[in-house]
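Chain B: place on chain A using the hints.
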Amino acid sequence: MRAFRCTVAASVAVTASLLLAAPTRAADVVIGVANWPSATATAHLIKSIIETDLGQTVELSEGTLPDLFAAADRGEVDVLPEVWLPNYRSAVRTYVDKNKTVTLVPRGVPARQGLCTTRQAADEYGLTSIDDLKSPETAKLLDTDEDGMGEMWIGAEGWNSTNIERIRAKSYGYDQTMTLIQSDEPVAMAGLDVAASLGEPYVLYCYEPHHMFALHDLVMLEEPPYNPTKWVVRTPEDDPDWLNQSEASTAWAVSFIHPAYRAGLENDQPDLVRLLSNMDLEADTISEMTYALIVERKDPERFASEWIEGNADRVDRWLSE
Amino acid sequence: MIARRLLLAAIGILFFTAGLAATADAQQSSRVYDPSSKQWIVFDPDKVERDATARGGTPERFKRKLVPFRTSEPPGTIIIDTDRKYLFYVLPNFQAIRYGVGVGKEGFGWSGEVHVGRKAEWPSWTPTPDMIERDPDLREYINGMPGGVENPLGARALYLYKGNRDSLYRIHGTNEPWSIGLNVSSGCIRMNNEDVEDLYSRAPVGTKVIVLKQGAALFQPS
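Top to bottom, those sequences are chains A and B.
At position 120 of the first sequence (counting the first as 1) the number is 120 in UniProt numbering, and the numbers step up by one without a gap.
At position 122 of the second sequence (counting the first as 1) the number is 122 in UniProt numbering, and the numbers step up by one without a gap.
Hints were generated in silico from the structure; no laboratory data involved.
Among the clues, some could well be false.
As the list claims (entries may be wrong) - Pair by pair, the computed Cβ-Cβ distance ranges are:
hint	chain 1	residue 1	chain 2	residue 2	range
1	A	Pro224	B	Phe94	48 to 58 Å
2	B	Trp122	A	Asp241	41 to 51 Å
3	B	Arg70	A	Asp241	36 to 46 Å
4	A	Glu76	B	Thr128	43 to 53 Å
5	B	Asn93	A	Glu309	25 to 35 Å
6	A	Glu76	B	Pro129	40 to 50 Å
Heads up, the beta-carbon is just placed ideally off N, CA and C, and yes, glycines get one too.
Isolated chain A, as found in the complex (with noise of 0.2 Å):
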């Protein structure tokens, strides 16, 4: 069955590409990978199914999110693996909801994300909770600079969480203890497998899907649950005193990971619109691919086909309901 679409797919490529040859494009169609671990992983995936199953070729454009959805505005980019709902928010007003350039699909997988640290300095120093980060005596802890302050990740440049992140040490009130971090997500990591081996404690923004709560035993900072009237959040976009502005000081809201598209794919590729419609990933899932191709540095291409050999029946299903 599989084999027979693969066919008959293949050969409408071909003829489709004969009649609208298109210059400027390397492949037919065009995967933005932003710069985490699982949108690499689902990525890859997405990639391959497209190549075994609907047999177009594929080019992978890395880029941060918000870059990716411009250019999937100007029709250079043609899918999205991974929007986080809630923080892209402003970025699907703008090309999902105002321009109506991207098309979001409606099935999302569910994520989460807030502040970790390791379940050593949560059993050793207490360390639990959200307003833990106020005291000097945390501060102490996670000074190792010895400028009186402590040092935590809130995330790279160019995430929305990061910015988020900002507004939620401003809204707590621990941005007058701790200095908030901003790097690239593998020196950070290289900062939590270090604090890790020497038995120190870390602080660090952490969400899941992810391979670092396979390699570390992290536990989430307590929190207020999520409420929406003490989380107002301004972008740097919207405004340009978006800091002062805005206010976050519950847990983040539960977190969805939606695939989006350059809208004009519904008419040109709708096996494709079908398929990313229908991939129902589990976080866990996801994880365990991250893990897999960050960790263990599996051949992502490899990868991800032996995912679908012994994941068949479901990808079928993917491509079919």
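Chain B alone, transformed into the frame defined by chain A:
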């Protein structure tokens, strides 16, 4: 000036080691010669150990050690924590070799990813113009000080590059093992000569180096 200082330090360490070797006798007399104060002092075994750590050797926690190290970085990666004064060399199976390091007084004002762009045995060393300004005696080495025991770069140097440009930061040896774990002198990451020789033998040109500086305003070396 640096050479003279190093030489004096080396002589001091020699004298002090000789002093330690003679402690069995000294215990009888309870007096040892202290090369730093140039006086005979009353022997106190605890103080000798403290002083040996302070002046003659690397503190225990900064000695080279195989440690558990769970990471997603591939084996062969170097991770340097300039705040806690450790360098990790990642091995397979979630292990690493942990070395103690000394960090330049000015420290690393940055964090990020670089790589070993060049390596040298018994490297020569040329003081920068502002080093010469601070210490005019260094003018003697304006065209470079040949490698050797008196050279501040010690036995080996690994030159850190960002892309194809020398970042001007180095991992290098030192003849002052007591300085491991401290922020002293200027520049770079110092390791004991035997440690830097060990690291040098493992890390080829191209090795990925991640520099952590938890507390710094972060920017990349240009």
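Checked hints:
Range check, A/Pro224 to B/Phe94: Cβ separation about 36 Å, and the 48 to 58 Å hint is violated. Here the CB-CB span from B/Trp122 to A/Asp241 is close to 58 Å, at odds with the stated 41 to 51 Å. The supplied range of 36 to 46 Å is met by B/Arg70 and A/Asp241, whose beta-carbon atoms lie about 42 Å from each other. Here the CB-CB span from A/Glu76 to B/Thr128 is close to 46 Å, well matched to the stated 43 to 53 Å.
Range check, B/Asn93 to A/Glu309: Cβ separation about 28 Å, and the 25 to 35 Å hint holds. Taken as a hint, the range 40 to 50 Å holds for the pair A/Glu76 and B/Pro129, whose Cβ atoms sit roughly 49 Å apart.
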